[in-house]
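> Residue-level listing of the chains:
2 protein chains.
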Amino acid sequence: MSTSNRVAIQDLYPPDLAHCFGCGRNNPSGHHLKSFAEDGEVVTRFTPADHEISIPGFVYGGLLASLADCHAMATATFASQLAAGRRLGDGPAPRFVTAALRLDYLKPTPLGVELEIRGHVTERSEKKAVVAVTISAAGAITVRAEVVAVRLPKSMERV
Amino acid sequence: MSTSNRVAIQDLYPPDLAHCFGCGRNNPSGHHLKSFAEDGEVVTRFTPADHEISIPGFVYGGLLASLADCHAMATATFASQLAAGRRLGDGPAPRFVTAALRLDYLKPTPLGVELEIRGHVTERSEKKAVVAVTISAAGAITVRAEVVAVRLPKSMERV
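If you read the protein sequences in the order shown, they are chains A and B. Under the working numbering, think of the first position of the first sequence as 286, with each following residue one higher. Under the working numbering, think of the first position of the second sequence as 286, with each following residue one higher.
No lab work stands behind these hints, which were simulated from the structure alone. Be aware that one or more of the hints could be misleading.
To be verified - Short derived list, chain A residues pointing at chain B, Cβ under 8 Å:
no.: 1; residue: Val-292
no.: 2; residue: Glu-337
no.: 3; residue: Asp-354
no.: 4; residue: Ser-421
Just so you know, even glycine gets a beta-carbon here, dropped at the ideal spot from N, CA and C.
Using the sequences and the hints, build the whole thing.
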């Protein structure tokens, strides 16, 4: 079975849980990151704005952390659906939140080019997933991240 | 000697290296985080905007990563100056950049309250510092971070 699917994973989050600044379709001020399943991995592309800068010429590390974080949550959602034998779009997608985020900035990430962010799950249980993420610019990996995602706890559901 | 000083550490960064989205005074679109030395620790306070949201009611984790990151760099700068026997404001402050960022989100961080972010250096050499950071909301620590800061490498200086 091909796991390719051109539905953005974040667009399947329940509408009351789709306000995230990084990836929520219901946040008019946010980044609207859209992650897609591509043959077993989850991929997104994002071009930082000129003001999302650290040192002149390079992307702000806080933005890179944000991108890795939101993309990892989408990757966890995808893996959870796949493990349940469901396709993306078969009912509401489970929402994950971040328990831990670990980033290594391997080299400076140049500003002014499209970044490619790839994620895959390295460990999972029903309630938790560990996601490996890379961020690449112009074909070189500049950031590696490991992100621990947990199913949204009831204590965070106010809606 | 008291180490208290009401000069914001980020305001001592060289002007050509003060464009960071998180804390640069020369970035009109940024957060303008200002970190202050307070008796051996470095402290800042920041109230996230309503749109800096993850799940309704809670702060966006990517923003928390950004705050920890910029604050850690300021903490590294402060420790570096102190170790050199200099006071903040005695000449330009050394600029650090992030090599690694590790965050544990201990509990959800509520939106709508001022956050307190505290940092101190746990290990340092001339070129590197390891910084422990906590983020607290309403008196409870919600995030712990460990950040590896390195002196700005020549390869990142384009100015």
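> Does Ser-421(A) pass the interface hint, meaning its C-beta sits closer than 8 Å to a C-beta of chain B?
18 Å, violated
> Quick check on the hint: Glu-337(A) CB to chain B CB, less than 8 Å?
OK, holds: Glu-337(A) within 8 Å of chain B, min 5 Å.
> Any CB of chain B closer than 8 Å to the CB of Asp-354(A)?
Holds, about 5 Å.
> Should the hint that Val-292(A) touches chain B count as held when the rule is a Cβ pair under 8 Å?
Hint on Val-292(A): violated, closest Cβ of chain B at ~21 Å, above 8 Å.
In this structure, the hints that do not hold are numbers 1, 4, in rising order.
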